[in-house]
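Listed in order, the protein sequences are those of chains S and U.
The working numbering applies: residue 1 is where the first sequence begins, and numbers increase by one.
The working numbering applies: residue 1 is where the second sequence begins, and numbers increase by one.
Just so you know, the hints here were simulated from the structure itself, not pulled from any lab data.
Here the structure is a predicted model, which means the values were calculated and not measured.
Heads up, the beta-carbon is just placed ideally off N, CA and C, and yes, glycines get one too.
Careful, some of the hints might be misleading.
[To be verified] Example chain U residues on the side facing chain S (calculated, C-beta under 10 Å, incomplete):
id	residue
1	R151
2	G228
3	D257
[Said to hold, decoys possible] Subject to a maximum C-alpha distance of 16 Å in a straight line, what follows is the list of computed EDC-like cross-link-like pairs (lysine to aspartate or glutamate):
id	chain 1	residue 1	chain 2	residue 2
4	S	K122	U	E81
5	S	K229	S	D279
6	U	K291	U	E239
7	U	K143	U	E81
8	U	K122	S	E81
9	S	K122	U	E185
10	U	K122	S	E150
11	S	K187	S	E131
Protein chains: 2
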Amino acid sequence: MRVLFTCIILFASACMAHSQNEKNLAEKLGFDRNAKMLIIHADDMGLSQGTNSAVTEAFQKGGITSGSIMVPCPWFPEIAEFAKNNTQYDIGIHLTLTSEWDNYFFGGTSPAASIPNLLNQKGYFYPSVEEFARHANAAEVEKEIRAQIERALAFGIKPTHLDNHMGSILASPDYYQLLLKIGHEYKIPVLIPADMIAAISKPLLDMLSRDNIVINHLFMLNQASPNGKWGEPYMKFIENMQPGLNQIIVHLAKNNDETRAIMVNHPDFGAEWRQNDLDFVLSSEFKEALKKHNIHLVTWRQIGAVQYPEK
Amino acid sequence: MRVLFTCIILFASACMAHSQNEKNLAEKLGFDRNAKMLIIHADDMGLSQGTNSAVTEAFQKGGITSGSIMVPCPWFPEIAEFAKNNTQYDIGIHLTLTSEWDNYFFGGTSPAASIPNLLNQKGYFYPSVEEFARHANAAEVEKEIRAQIERALAFGIKPTHLDNHMGSILASPDYYQLLLKIGHEYKIPVLIPADMIAAISKPLLDMLSRDNIVINHLFMLNQASPNGKWGEPYMKFIENMQPGLNQIIVHLAKNNDETRAIMVNHPDFGAEWRQNDLDFVLSSEFKEALKKHNIHLVTWRQIGAVQYPEK
């Protein structure tokens, strides 16, 4: 009995020592243990020409570290060509299962007949996550996710990460598990926003974060700021940033004819919003705040290298 | 013998009398027998937002009489909604079997697996009529034409005519016959440009014009005019216009970010070209010339009413 007890004590201390000595993500990336790391991420690449134009400008001027591409959208080929020819930028796939605009729609990358429950009567994705959730099933979600990844690969993209348009995957823990399974299979990290998922279900977060690097704190605007104060919520997030892995998601586009026509009747995440986001990430105010608060910019490619060192 | 001869003479004069008394198209439309009739037609509706915006403006300001929609293109839903809600405008289907731009592509309206010979490796139509002609076959062309018409109908469009993007249908007389067969079936007139087809094959024109109203003279710019003289070739066509049914085809779009991005590397039929065409059809110079030369504007809906009075 005493022997067994001693063994347990020894084993427990070995575990603790291991856990204290093990490098955390920051250290694995060459920073201090308590470093504040940040990914600045543009969603919706490929949605439109005005999006592609804004995101490529933001990459070239250092306003963002990362972005992800909507494979089913009309301007996918243009941005795929950019991604293929500019592998210095950190570009993933924004898996898309919803189509939310009034005049401009996207359907599946799989043949329509193979995903009937993901498409509305006209052959497009449903406009809301609620409608998607009501109709979808895991087999079709898996088929479409795989089709989007395979199409991105066929166009020469080497995706650094997988994330998801409008959070439709969160409609079911089964879909999230599916996505993680696929991520492991392709050895591509998947966005897991820890604080957002913990708010839905702690056991879900525990399940998702097993074997996966998570984003500790994700920040995204959910309402427009008053005129002239667009950057304030972002600046507050930066000032209060916690150690660990953080991500800011922005929605960039040029506020031009095309963008206004797509986003008609959508003031939230609309044309002005996206131009404001672009102006903000390009501003010196933003860049200076990142320096002042000693924030280390990182990319999904770096996360992938830690998560899949064998790749 | 004499009786037979007399019979022939009598029959021949009866035929001549019938042919002289029969109303020609102009008369059926309420004009003088020798009236100069003109359709001013905008191609490529639905191609892009900048196209939709230009063509709807041209309709609203009376710069064109007619236009036709590319069903497989990204901005089809927006223009379909416009067509459905503005039945006073004369709108047909611009059957599309080619995809000619560098960064912006369209695939089939039919399931890709059912038209493998119309699509390239990436799943889009071939960029040129030559490549289309090399791969296509009549069964798949028929399937795709029917799919585009059915999709237009499903979106609430009541097409007044059928025409064809880049003249791909002219790649084979079989395809043209097919198109006419489908036109008769739906009771929708098909564009038959008589002088253009006669230049290829007189027997083909004879075959096509049996039971169909033809456009006697079609005019379309085939090269850019010098700066400041954009309208000259159009004005020359108007000044020399012949009696019968004439059609001018224009290519309209706003010369904006989106249009320039689509038409990059394509000065011919590019962004400046399309803005010039828009400016021309809206100009008072154009409208005055039409009046001065006593030209009667007509629509495909009027042609359809003559060709299919029972519809």
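These are the hints, each one checked on the structure:
1. The beta carbon of R151/U comes within 9 Å of a beta carbon in chain S, closer than 10 Å, and the hint placing it at the interface holds.
2. Because the smallest distance between the Cβ of G228/U and any Cβ of chain S comes to about 26 Å, over 10 Å, the interface hint for this residue is violated.
3. Here the hint on D257/U is kept, as its CB sits about 5 Å from the closest CB of chain S, short of 10 Å.
4. Note on K122/S and E81/U: the hinted pairing holds, with a Cα-Cα distance of about 13 Å set against a maximum of 16 Å.
5. For the hint linking K229/S to D279/S, the alpha-carbon distance of about 12 Å falls within 16 Å, and the restraint holds.
6. With a C-alpha separation of about 11 Å, the suggested pairing of K291/U with E239/U holds against the 16 Å cut-off.
7. Between the alpha carbons of K143/U and E81/U the distance comes to roughly 24 Å, so the proposed pair goes past 16 Å and is violated.
8. This hinted pair checks out: K122/U and E81/S have alpha carbons roughly 13 Å apart, not beyond 16 Å.
9. Between K122/S and E185/U, the direct Cα distance comes to roughly 24 Å. Violation of the 16 Å bound is thereby established for this hinted pair.
10. As the CA atoms of K122/U and E150/S are separated by approximately 12 Å, the hinted pair is consistent with the 16 Å bound.
11. Of the supplied pair hints, the one linking K187/S and E131/S is violated, its CA atoms being roughly 31 Å apart against a limit of 16 Å.
Violation of the numbered hints given earlier is confined to hints 2, 7, 9, 11; the remaining hints are satisfied by the structure.
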